[in-house]
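**Student:** In order, the protein sequences belong to chains A and B. Position one of the first sequence corresponds to residue 1 (the working numbering), numbered consecutively onward. Position one of the second sequence corresponds to residue 272 (the working numbering), numbered consecutively onward.
Hints listed in this document are in silico derivations from the structure and should not be mistaken for laboratory results. Using N, Cα and C, we set each Cβ at its ideal position, and we do this for glycine too. Misleading hints may appear alongside valid ones.
[Claimed, not checked] Derived PhoX-like pairs (lysine-lysine); straight-line CA-CA distance at most 20 Å:
no., chain 1, residue 1, chain 2, residue 2
1, B, Lys466, B, Lys530
2, A, Lys45, B, Lys530
3, A, Lys259, B, Lys316
4, A, Lys34, A, Lys45
5, A, Lys259, B, Lys468
6, B, Lys530, A, Lys34
7, B, Lys391, B, Lys468
8, A, Lys34, B, Lys391
9, A, Lys225, A, Lys184
10, B, Lys305, A, Lys120
11, A, Lys104, A, Lys195
12, B, Lys496, B, Lys466
13, B, Lys468, B, Lys415
14, B, Lys375, B, Lys391
15, A, Lys120, A, Lys104
[Stated by the list, open to error] FRET-style restraints, in silico, Cβ to Cβ:
no., chain 1, residue 1, chain 2, residue 2, range
16, B, Phe389, A, Lys184, 43 to 51 Å
17, A, Ala74, B, Arg323, 39 to 47 Å
18, B, Val322, A, Ser106, 28 to 36 Å
19, A, Glu119, B, Arg323, 22 to 30 Å
20, A, Arg215, B, Val322, 46 to 54 Å
21, B, His465, A, Lys120, 30 to 38 Å
There are 2 protein chains.
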Amino acid sequence: MQRTVFFISDSTGITAETIGNSILAQFEGVQFDKHRLAFIDDARKAEAASVRIKTHYAQTGERPIVVNTMADRALCDLVAESGALMLDVFAPFIGPLEDELGAKRSGAVNRSHGMVDFEKYEARINATNYALTHDDGRDFDYSKADLILVGVSRSGKTPTCLYMALHYGVSAANYPLTDDDLDKLELPRRLVPHKDKLFGLTIDPQRLAQIREQRLAGSQYATLKQCRWELEQADKLMRHAGISSLNTTHVSIEEIASKIFSRFGIERTMF
Amino acid sequence: MQRTVFFISDSTGITAETIGNSILAQFEGVQFDKHRLAFIDDARKAEAASVRIKTHYAQTGERPIVVNTMADRALCDLVAESGALMLDVFAPFIGPLEDELGAKRSGAVNRSHGMVDFEKYEARINATNYALTHDDGRDFDYSKADLILVGVSRSGKTPTCLYMALHYGVSAANYPLTDDDLDKLELPRRLVPHKDKLFGLTIDPQRLAQIREQRLAGSQYATLKQCRWELEQADKLMRHAGISSLNTTHVSIEEIASKIFSRFGIERTMF
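So here's chain A without its partners, still in its complex pose:
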């Protein structure tokens, strides 16, 4: 079974998409064909969206699903004329919150992903620059690091650091364990003073070989044997040094980041 979903927003559509994906993921048997209609903030755009959805409905005979975060009731009504199933993300929560807070919602367009607070923006950008300059052992001055990821090449360190920087303003460095480190089974000297900031990433050897093969096909670096050796040594090294680690094979970047934050007690909220 396949159904078409439209995420409609008067702003970026990120909230509509995030909650929509979470709800739809609970219906595992259904395939969803997803479309994002962002910045629908006037009657002309809402009518165009409505026509597009209605046309789709007529062509497929299947009722489309709309996940909607537009604040303006009149625009919602225009989209509803398409005949789609309307799921209004905010409506169910506004009433209880108004009662609890004793305040009315401001009818404003959803600005949660559009607001710019210069201080927060700078924190994101500074952390992103930090991740870039402290990527892959480029700069070893870890005095300002919130945390340092260690692991073998291609275990997922770089994207995780970038994600934590962009979304949480966390300054994360990463240090690749080299063959030399792995031979010696000793924590690299420059990491020793920062032991409490270290966190290890590991991965299944088959998966690592696959990722490396994609990068450097036919190389010694990508052989299963080499991957297995590196991962076994890294595992021993981390256990000896008392470093917590996580196997990233079946874990998304978001989940890796959340688990690391839980481990370090970082409750900073996202931007």
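On the provided structure of chain A, position chain B as indicated by the hints.
**Tutor:** Using the frame of chain A, we list chain B on its own:
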């Protein structure tokens, strides 16, 4: 007025936080003190969360607000014993969707940010590597670029490219306009064959000077005069070349990305 909010999830907490922030942003007069409690997936953890919230309630006398995405009713009930206002993110939508789809939700833990689809993961990682290798004019082979951001130094190109890569698997390069390009008022030769992939980022001169001053204090590069000249020239160059552009001064990274996608008709949905 200040109120405390707990985002509670049996997984990463990203959905709870995203929708929670959007709803709370609609109550502009209220300050919210936000906490994320992730991976609350058994009775022991739910009880601990409940005790923490209840204690907070007793100490402050203000009823806490819980934005909840836990799937298990029994765990929700445990947290509700804290006396907090419970906002259950999924509950209002499950009924209408079950009716519409003629299918029952799977009671599973919310996996929308935990699932790993190797193909999608690779798309994210490859795009992130692309953004890193094609950052700041490092590699000029733009044949595989989905789009290329142009602008003066520190106009926001790098974080935007990384965000689009990590979240949408979009391969975005960026090219910094140099003094030489700006003097000539000519589109750099290597960009000419890719004119339909170009998008410009601009920024207010005062803001740019501030950002550059933070990076290289007291430099000629950070003077308002230099910033103003570069931005004026860049603006002329882009207008002559027919390149769309966006002023990023008051726009978040998420919104910049969404606007660029709208411009290029990219409807790819997020990971």
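**Student:** Take the hints in turn and mark each one as holding or not.
**Tutor:** Verification of the supplied hints:
Note on Lys466 of chain B and Lys530 of chain B: the hinted pairing holds, with a Cα-Cα distance of about 18 Å set against a maximum of 20 Å. Restraint check: the Cα-Cα separation between Lys45 of chain A and Lys530 of chain B comes to about 15 Å, which is no more than 20 Å; the hinted pair holds. For the given pair, Lys259 of chain A sits about 15 Å from Lys316 of chain B by alpha-carbon distance, which is consistent with the 20 Å threshold. Between Lys34 of chain A and Lys45 of chain A, the direct Cα distance comes to roughly 19 Å. Compliance with the 20 Å bound is thereby established for this hinted pair.
Taking the CA atoms of Lys259 of chain A and Lys468 of chain B, the gap is about 37 Å. The hint is violated against a cut of 20 Å. The straight-line distance between the Cα atoms of Lys530 of chain B and Lys34 of chain A is roughly 18 Å, inside the 20 Å bound, and the hint therefore holds. Distance check on the hinted pair: Lys391 of chain B and Lys468 of chain B sit about 23 Å apart at the alpha-carbon level, beyond 20 Å; violated. Of the supplied pair hints, the one linking Lys34 of chain A and Lys391 of chain B holds, its CA atoms being roughly 15 Å apart against a limit of 20 Å.
Between Lys225 of chain A and Lys184 of chain A the CA atoms are separated by roughly 19 Å; this keeps the pair inside 20 Å, and the hint holds. For the suggested pair Lys305 of chain B and Lys120 of chain A, the alpha carbons sit about 15 Å apart, so the restraint of at most 20 Å is met. At roughly 49 Å between alpha-carbon atoms, Lys104 of chain A and Lys195 of chain A are farther apart than 20 Å, so this suggested pair is violated. A distance of roughly 29 Å separates the Cα atoms of Lys496 of chain B and Lys466 of chain B; the hinted pair therefore is violated under the 20 Å criterion.
For the given pair, Lys468 of chain B sits about 11 Å from Lys415 of chain B by alpha-carbon distance, which is consistent with the 20 Å threshold. At roughly 27 Å between alpha-carbon atoms, Lys375 of chain B and Lys391 of chain B are farther apart than 20 Å, so this suggested pair is violated. At most 20 Å may separate the alpha-carbon atoms for a hinted pair to count; Lys120 of chain A and Lys104 of chain A exceed this at roughly 27 Å. Between Phe389 of chain B and Lys184 of chain A the beta carbons are some 33 Å apart, a value that contradicts the proposed interval 43 to 51 Å.
At about 42 Å, the beta-carbon gap between Ala74 of chain A and Arg323 of chain B stays in the expected band of 39 to 47 Å. Between Val322 of chain B and Ser106 of chain A the Cβ separation comes to about 34 Å, which falls inside the hinted range of 28 to 36 Å. The hint said 22 to 30 Å for the Cβ distance between Glu119 of chain A and Arg323 of chain B, and at roughly 28 Å that hint holds. At about 48 Å, the CB distance of Arg215 of chain A to Val322 of chain B agrees with the hint of 46 to 54 Å.
The hint said 30 to 38 Å for the Cβ distance between His465 of chain B and Lys120 of chain A, and at roughly 33 Å that hint holds.
Checked against the numbered hints given earlier, the structure breaks hints 5, 7, 11, 12, 14, 15, 16 and satisfies all the rest.
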